[in-house]
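A.B. asks: Please construct the entire structure, taking both the sequences and the accompanying hints into account.
Single-letter residue listing:
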Amino acid sequence: MKANSYVSVGSWQEAYKLLKASPKNKIIGGGLWLKKGNAQVDTLIDLSRLNLKKIEDKGAYIEIGSMVSQRELEQSSLIKGLSNGVISEAVSQIMGPAFRNVATVGGSVYGKYGFSDLIAVLLGFEVELQFYPSKTMSLEEYLAQPGFYDGILTHIRIQKKDARAFFKKVCLTSLDYPILNICITKGEKYVVVVGSRPLVATRLTKTMEYLNNGGSDFKEAARIAATEIKVGDSIATKGEYRKELVKVYVERGLEEVNK
Amino acid sequence: MLVKFNLNGLEKEVNVKANEYLLDTLRSIGVKSVKKGCNASSCGVCTVLLDDKPVLSCSILTVRVAGHKVETVESIQEEAAKLSECFSKEGADQCGYCNAAFALMVHALRKENPNPSAEEIKEYLKGNLCRCTGYQSQQKAIRAYLGGEEK
Ligand SMILES: Cc1cc2nc3c(=O)[nH]c(=O)nc-3n(C[C@H](O)[C@H](O)[C@H](O)COP(=O)(O)OP(=O)(O)OC[C@H]3O[C@@H](n4cnc5c(N)ncnc54)[C@H](O)[C@@H]3O)c2cc1C
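Chains as they are written, first to last, in my numbering: chain A, 1 to 259; chain B, 1 to 151.
It is possible that some hints are incorrect.
[To be verified] Simulated crosslink set (EDC-like; lysine to aspartate or glutamate; CA at most 16 Å straight-line): (1) Lys12/B - Glu71/B; (2) Lys111/B - Asp52/B; (3) Lys2/A - Glu20/B; (4) Lys17/B - Asp42/A; (5) Lys53/A - Asp51/B; (6) Lys36/A - Glu20/B; (7) Lys160/A - Glu188/A; (8) Lys80/A - Asp162/A; (9) Lys2/A - Asp24/B; (10) Lys26/A - Asp42/A; (11) Lys126/B - Asp176/A; (12) Lys122/B - Glu112/B.
[Said to hold, decoys possible] A short list of chain B residues far from chain A (calculated; beta carbon distances all over 10 Å): (13) Lys12; (14) Glu13; (15) Ser88; (16) Gln94; (17) Cys95; (18) Ala118; (19) Thr133; (20) Gln136; (21) Arg143.
[Said to hold, decoys possible] Covered by chain A, according to a simulated footprint, are these stretches of chain B (three or more residues, beta-carbon under 8 Å): (22) 39-53; (23) 59-73; (24) 119-128.
Calculated directly from the structure, the hints in this document are not laboratory data. Where is the CB? At the ideal position from N, CA and C, for every residue including glycine.
C.D. replies: Structure follows, in structure tokens:
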């Protein structure tokens, strides 16, 4: 990664002013993806002093600062207590602990990575993203927008729900990127999510409609899922194989959340 | 940029560029126990402790450790020597390139979870690759070091 300068900012105003000063100025979360992509940055903007390393219980939701590391998220008792700890479980499958001590929640969500295990599991919940200056949008809305929002991700808010939940990361070796990830939550309603298609995770609306209108044949739900999902080929596998995986794991996931 | 940090109990001051990584800084000031492997956040041989937590020094900018505590295997000499004994008893050593990182990971694991199961050890160490051993003998050595029988 190239970077000409680095500023650990002391205020939101300073951070935003720097971000706006040049398209080559970038916020740095953990910096792992900036390094991986060999980013050519003018000024790196570090938010470490802005008190964003907090996970807080706000009653109806849990608020997570964007500089919280993946490891802190995974180990948080608030997160472990949410819907049989599915978010912790999903995050714990990303590389090793020394990696997760560096990678941040903000960098992981902002980046909209197709393979993201965190995004896939978060889509199983109602999640709101808060940006500076004052913009709030749902995670779904953010993912649907082309490109990246031109602001600073400050917090994500996960609405609490007591759901039965299932997460599966399918990969060729345990340190590899997933070739598919699936999250199913069953609270008052079902939410079915498939990611790493290789496009970014998405909710399967037809499958959810079937299940939320009383459909109880899991094989049929899995068939609908494999029909509606839009998949593609990647260097690791073919789209057709992804569809087969969707069939298998949606059925298994539904069995799991109904145990 | 001038960066001050604590390295293995001693205050250090280094002059670095904005995009210099901790791994390169440490090696440039003579700490050669920290190894460069993939240099792409994937193999774990560059692991050091930052404020007691294991991190990948190939991926942490040196400017970010200003005011913090960094430890390499030199700060856990006694433990590393004991772990080494267990490694040699189990034939878990070949080239030794990954050993310092393994020692730091085992140290961190013991602090977080003094009594880990075999599965927990495996999970904790899964980001640390060893191209020689195939991991079985290392797992046995680490279990022996942690004082655990099979759990
Ligand atoms: C080798 C490797 C393997 C990986 N494997 C997996 C895997 O198996 N599963 C998985 O889910 N993920 C995986 N990832 C992705 C990883 O988990 C992180 O999601 C990713 O590195 C981004 O997090 P970061 O903190 O490093 O972000 P950074 O690199 O710091 O930032 C990423 C982008 O987000 C921007 N940004 C960061 N924070 C903010 C903010 N607060 N506001 C606005 N913009 C911001 C940056 O400017 C940059 O453009 C892998 C990454 C690597 C490098």
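A.B. asks: Which numbered hints does this structure break?
C.D. replies: none
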